[in-house]
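Dock chain B with the ligands against the given chain A, drawing on the hints supplied.
Taken in sequence, the protein lines are chains A and B. Quick note: the first sequence uses my numbering, first residue 1, plus one each step. Quick note: the second sequence uses my numbering, first residue 1001, plus one each step.
Careful, some of the hints might be misleading.
To be verified - Rough simulated footprint, nothing fancy, chain A against chain B, three-plus residues with beta-carbon under 8 Å:
| id | segment |
| --- | --- |
| 1 | 1194-1205 |
| 2 | 1311-1323 |
| 3 | 1338-1348 |
Stated by the list, open to error - Short, incomplete list of chain A residues facing chain B, as computed with Cβ under 7 Å:
| id | residue |
| --- | --- |
| 4 | Pro-192 |
| 5 | Gly-200 |
| 6 | Glu-288 |
| 7 | Gly-420 |
| 8 | Val-444 |
No lab work stands behind these hints, which were simulated from the structure alone. Where a beta carbon is used, it is the ideal one built from N, C-alpha and C, also for glycine.
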Amino acid sequence: MPTLATNPVVERLRRLLPTGRVLEGDAQVAAYECDALTAFRATPLAVVVPETQDEVIAIVRFCRDERLPFVARGSGTSLSGAAAPVPGGIVIAMNRVSRIIRIDSQQRVAVVEAGIVNAAISMAVAAHGLHFAPDPSSALICTLGGNIALNAGGAHCLKYGMTSNHVLGLKAVLATGEVVTFGGPSREQVGPDWTGLFVGNEGLFGIALEATVQLLPKPECFHTVLAGYRNVEQAGEAVAAIVASGLLPGAIEIMEKLALDAAVAAVHAEYPAGCEAVLIVELEGTREAVAADRARLDAVLAASQPVEVRPARDAVDRAAIWKGRKSAFSAVGRLSPDFIVQDGVVPRRRLGEALRKIGEWSREMGVRCANVFHAGDGNLHPLILYNGAVPGDLQRAEALAGRILKLCVEMGGSITGEHGVGVEKREFLPVMFNPDEMDCLRRVRAAFDPLGIANQGKMFPPAPADASAPAHSGSAPAQA
Amino acid sequence: MTPATSLPAPATIDELIALVRGTPRLIAVGAGTKPRLSQVADAYARVAMTRLSGITEYEPSEFTITALAGTPLREIVAALAERGQYLPFDPLLVKAGATLGGTVAAGLSGPGRLRYGALRDFIIGVRLVDGEARLLRLGGKVVKNAAGFDLPKFLVGSAGRFGVMAELSFKVFPRPAATRTLRLEAPDAAAKAEILMAASAARWELDALDAAVGEGAVFARLAGPETALEPLARDILQRWRGAVMTPGDASYLWQSVTELSWAHTGGALVKVALTPAAVPAFVAFVQTRGARGWVSAAGNLGLLSLPPAAAVETLEWPALTLRGAGPLWAGPAPRFEIMRAVKTALDAAGRFPGLDD
Ligand SMILES: Cc1cc2nc3c(=O)[nH]c(=O)nc-3n(C[C@H](O)[C@H](O)[C@H](O)COP(=O)(O)OP(=O)(O)OC[C@H]3O[C@@H](n4cnc5c(N)ncnc54)[C@H](O)[C@@H]3O)c2cc1C
Ligand SMILES: Cc1cc2nc3c(=O)[nH]c(=O)nc-3n(C[C@H](O)[C@H](O)[C@H](O)COP(=O)(O)OP(=O)(O)OC[C@H]3O[C@@H](n4cnc5c(N)ncnc54)[C@H](O)[C@@H]3O)c2cc1C
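Chain A on its own, in the form it takes in the complex (with noise of 0.2 Å):
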């Protein structure tokens, strides 16, 4: 086999594993250079596929020891750009890092290894009548490091939480090689929330290794309802009325007319005829509760002037609202060779007044962009629309892009509900936090790591003169 003329570094980091799990040149590491936003691409030096705890302690204590530059990367569907590499360094693949240790079905909790795919642990505890609630939308792929990492959420944020309300406790190698366990099997925790901290890092402070989560009992029955509404203002109105009755519903979400005719495109979802806006609620629960709250939500629902309501008569119906919904990013796909998707969130009664914005500004420069979101927390997901082919398109709709972020933080919102800051909307983030704020938060990050070695270049804005930061694929970085 002719082998490369390997790189000094990537020879010493040979030796820490087994032959043929470390990457190196174009061809094999061409997967890796960018994660599910498309648009920042880097080439990373190698890729490393650890595939026990041990390895990837060795991995980062090497890269400690060499100032090298590591991003870990669970499956790569980051929308930020949190798991594109850094230029030079080396990304760390946890997939293989997966096993299951542990299941409690008793106490309720699971120990599984970071690479895990998120929805393998609710099916591993589905015998039990058990699982575990953060639901993404790719949760059948995208790894439970990942979303710990970006502390993910999903359609049942509302009522759930994030991924941090479930995660226990953490064992994770640092940045500067120390081991840490913190939390642990006990939903009770003493002293500061280190797991809490951990959750959301951005992969900034070192390597998730095994995380102990929370798993509850599976619902017993659900209510799920499609109202079609004439216009996306009368959907909004249909969710104040939902949470004025004092409903606390698992999810409330709202597709409009391009992304619902993405959904036809792709997964043959049927909507009602005329509607420029869906709105999917969902109940959950014991069936007792669940039948006394489906009277009241019918209620007002039936007052909130929708062209046609559709609830779920069964386990089937459901599956097919929800694959509508959950293909909706994807499903654009078809309708445009790239895409954005935003991630900004709003007070909820601003909804309104934010997709109003939102069209007038798409219109007017130009750029088309499909809402869907989660409605019941007022986390936007505006999927804007380009062709990186066509020359300047991408700078349009990044300029569209960062004109909904900086709306968000007027509106008292931010500029991410789920998806993290990663490299996208890095120049963003002190338009949300002032200069000590970044300053508190730069120390808090340089406390994990001292040398900036992982994942460099994502969350904060680079210094001037910064060359870390993964490449933009366009001509120019957008000015918003």
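The following block gives chain B with the ligands in isolation, referenced to the frame of chain A:
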């Protein structure tokens, strides 16, 4: 000890900042109680938070509330109740006068934390005065936010060691329309553990599930739409012997749980991070020492009360002494280099006591 009334007590955030800037060593105290968490060396001046009080923003339609750190929980609970909402983690010591800041600093959640999660799962933002007397807004005021590190969560249980919290924002939920409490018979510790584990994994979605150490009983609370509760209660009673408590008895019970009125007056009180399987060991520990105990959150939270003058001993579970003498961390306290490094990042000059002080 200095009476609370003579302590400096800033009434505005600006006054608080100025006070912190002018005080090289200090610790915040809440409602004039002197719990173990703020028993630190005399070098640390005490700052009373009680005047920094009041709800600053409440948006029922957003499910969010923001209040100054010295606000009595009582006030927050009442304002929420008026709009049919509540803090689902069911805070402790509301009637006793506990403040929002002190509750966060102690990391205390009540029995209701079983259903939707603890205090840590509902805190969304904080305004913190750090070791350099800078006012930092960490987190935010919307229910979902993933920008920057989750420092609001980190401050839960931090016992005032990283800064003074000036203002806090929380997510809230609609309050269930009705509740029912069942008293289930559980003659011994093994029976208690069995019920705690089985009932919390069952279909009923219990709102609270606690066990008395000194009594052969487990208490299960249902919460939800009125019409759902009767059939659910019947179903539970087919599985275990017991009875639905009268509303009066139930309210007396939960009040004594959340106000810790079962505990010794003037004694020590320790919060223990337990696991359901460890309940028999915890019960045995309590009983062999003539102490009192309570098990909450389906066996995840233990509370241990000792009579006056009894010393808190080292426990095998992670534990925090809330009242009385004895070690602050009564259980095994993990110590990693990173802990010192983060303390230094937030408080380089050591203005606030260290984690072990
Ligand atoms: C179709 C689609 C739908 C999606 N839907 C949702 C959704 O509903 N909600 C949502 O929140 N997100 C969603 N996402 C985004 C993405 O799936 C999540 O952010 C997910 O958590 C990423 O997991 P991953 O394993 O792919 O991580 P990666 O993309 O590989 O990495 C993401 C980040 O995690 C870090 N990381 C990975 N593993 C570790 C580890 N072991 N230790 C430390 N850091 C680590 C990386 O360095 C990087 O910063 C969606 C993505 C797609 C493509
Ligand atoms: C009447 C009553 C009975 C109780 N019994 C006793 C008893 O007998 N003895 C006893 O010592 N304790 C007792 N406790 C327990 C203790 O008060 C609880 O832990 C309570 O929840 C703390 O709330 P607090 O507002 O009183 O805060 P405090 O008890 O004053 O403070 C608790 C911790 O929070 C920190 N803190 C408070 N506010 C802030 C802030 N804004 N920013 C940062 N840190 C902050 C303090 O530094 C301290 O570490 C009792 C409480 C009350 C009110």
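> Okay, which hints does this one fail, numbers in order?
Replying inline: none
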